[in-house]
Amino acid sequence: DSGVTQTPKHLITATGQRVTLRCSPRSGDLSVYWYQQSLDQGLQFLIQYYNGEERAKGNILERFSAQQFPDLHSELNLSSLELGDSALYFCASSAGQSSYNEQFFGPGTRLTVL
Amino acid sequence: AQSVTQLDSQVPVFEEAPVELRCNYSSSVSVYLFWYVQYPNQGLQLLLKYLSGSTLVKGINGFEAEFNKSQTSFHLRKPSVHISDTAEYFCAVSPTVNSGYSTLTFGKGTMLLVSP
Numbered sequence: 001d002s003g004v005t006q007t008p009k010h011l012i013t014a015t016g017q018r019v020t021l022r023c024s025p026r027s028g029d030l031s032v033y034w035y036q037q038s039l040d041q042g043l044q045f046l047i048q049y050y051n052g053e054e055r056a057k058g059n060i061l062e063r064f065s066a067q068q069f070p071d072l073h074s075e076l077n078l079s080s081l082e083l084g085d086s087a088l089y090f091c092a093s094s095a096g097q098s099s100y101n102e103q104f105f106g107p108g109t110r111l112t113v114l
Numbered sequence: 001a002q003s004v005t006q007l008d009s010q011v012p013v014f015e016e017a018p019v020e021l022r023c024n025y026s027s028s029v030s031v032y033l034f035w036y037v038q039y040p041n042q043g044l045q046l047l048l049k050y051l052s053g054s055t056l057v058k059g060i061n062g063f064e065a066e067f068n069k070s071q072t073s074f075h076l077r078k079p080s081v082h083i084s085d086t087a088e089y090f091c092a093v094s095p096t097v098n099s100g101y102s103t104l105t106f107g108k109g110t111m112l113l114v115s116p
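From first to last, the protein sequence lines stand for chains A and B. At position 17 of the first sequence (counting the first as 1) the number is 17 in my numbering, and the numbers step up by one without a gap. At position 34 of the second sequence (counting the first as 1) the number is 34 in my numbering, and the numbers step up by one without a gap.
There could be a bad hint or two in this list.
Claimed, not checked - Which chain A residues stay away from chain B? Per the calculated CB distances, all over 12 Å, these:
1) L11
2) A14
3) Q17
4) R18
5) S27
6) L61
7) F64
8) S65
9) Q67
10) F69
11) D71
12) H73
13) E75
14) V113
15) L114
To be verified - Cβ-Cβ distance ranges computed for the label pairs, FRET-style:
16) A:L114 / B:E20: 40 to 46 Å
17) B:E16 / A:T5: 35 to 41 Å
18) A:T15 / B:Q42: 25 to 31 Å
19) B:K58 / A:L114: 44 to 50 Å
20) A:G58 / B:S9: 19 to 25 Å
21) A:S38 / B:L113: 17 to 23 Å
22) A:E82 / B:S9: 23 to 29 Å
23) A:T15 / B:K69: 43 to 49 Å
Hint data in this document are derived by calculation from the structure and do not stem from the laboratory. We put the CB at the ideal spot given by N, CA and C, even for glycine.
In isolation and in its complexed conformation, chain A is listed as follows (with noise of 0.2 Å):
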C-alpha cells in the first residue's frame, strides 16, 4: 500500500459526459500528479501540482483538467468524453516537486468510455 488512494476503483460512463477522478496523497506529501495509462498511448504524464498550483504540464487535452485543493487532494476532471479516453488513470504523489523526489503511486481509476 502506497498511501495514495484513487476513487473510483472503475467508472463507467457514456460519450460525452463528464466525470471527475480523485486523488488523496501520501500524508504529508505536498506534490500530486496525474498519468493516463493506454495500450496504445502507454503511460504518460498529464499534469503536476505542488502545494496547490499548477507546476508542470505533459500531453493533458483541453478537455481534461485538474486541481488541487488546500487539503491537498486533487480531482481530474475530464469532459465530452471519448472512446480514446477509456484508460487507467494514476496519481501518484512526493514530497518535493523536483524530479529526483520519489513518487508514490495509487492503484488506479479504470475509465471506460462506453
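Starting from the known structure of chain A, arrange chain B on it as the hints suggest.
Just chain B now, with coordinates in the frame of chain A:
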C-alpha cells in the same frame, strides 16, 4: 524532449535464471533515470533510481541497473528471478534541469514472465 525505448515488450524466463531488461533513452539534457514495477491490478512502485555518482545502482527485491552514458542505456538486471517477479517493468527519465517540477517520460514497458 526525452524519449525512452524498451526494446523487448515481453521477456519469458525460467525461475532462478538471470534476466536483463533493456532500456535506452534519448535526451538533449542530463536526465535522472528510474525503473518502476507494476504488478497485476496495482499501481507502479519504484524499483531503483540513478541520480548521480556510482553508475551501478541497487534497488529493492535484488534488482540492479547500470547507467551507461555513452550508450545512453540503463539496463535492469537480476541474477536469479522468482515467480513473484512476474510483472510489467517501466523505465523512465526526467530532466535534471527541472528543479522546480517533475516530468517523467516512460517507456512502453516490458512484461517479465517467470515460469517454473
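Here is how each hint holds up against the structure:
no.	hint	result
1	L11	holds (16 Å)
2	A14	holds (25 Å)
3	Q17	holds (25 Å)
4	R18	holds (24 Å)
5	S27	holds (17 Å)
6	L61	holds (17 Å)
7	F64	holds (16 Å)
8	S65	holds (18 Å)
9	Q67	holds (16 Å)
10	F69	holds (19 Å)
11	D71	holds (21 Å)
12	H73	holds (17 Å)
13	E75	holds (18 Å)
14	V113	holds (20 Å)
15	L114	holds (21 Å)
16	A:L114 / B:E20: 40 to 46 Å	holds (41 Å)
17	B:E16 / A:T5: 35 to 41 Å	holds (37 Å)
18	A:T15 / B:Q42: 25 to 31 Å	holds (29 Å)
19	B:K58 / A:L114: 44 to 50 Å	holds (46 Å)
20	A:G58 / B:S9: 19 to 25 Å	holds (23 Å)
21	A:S38 / B:L113: 17 to 23 Å	holds (22 Å)
22	A:E82 / B:S9: 23 to 29 Å	holds (26 Å)
23	A:T15 / B:K69: 43 to 49 Å	holds (47 Å)
This entry satisfies every hint, going by the numbered hints stated previously.
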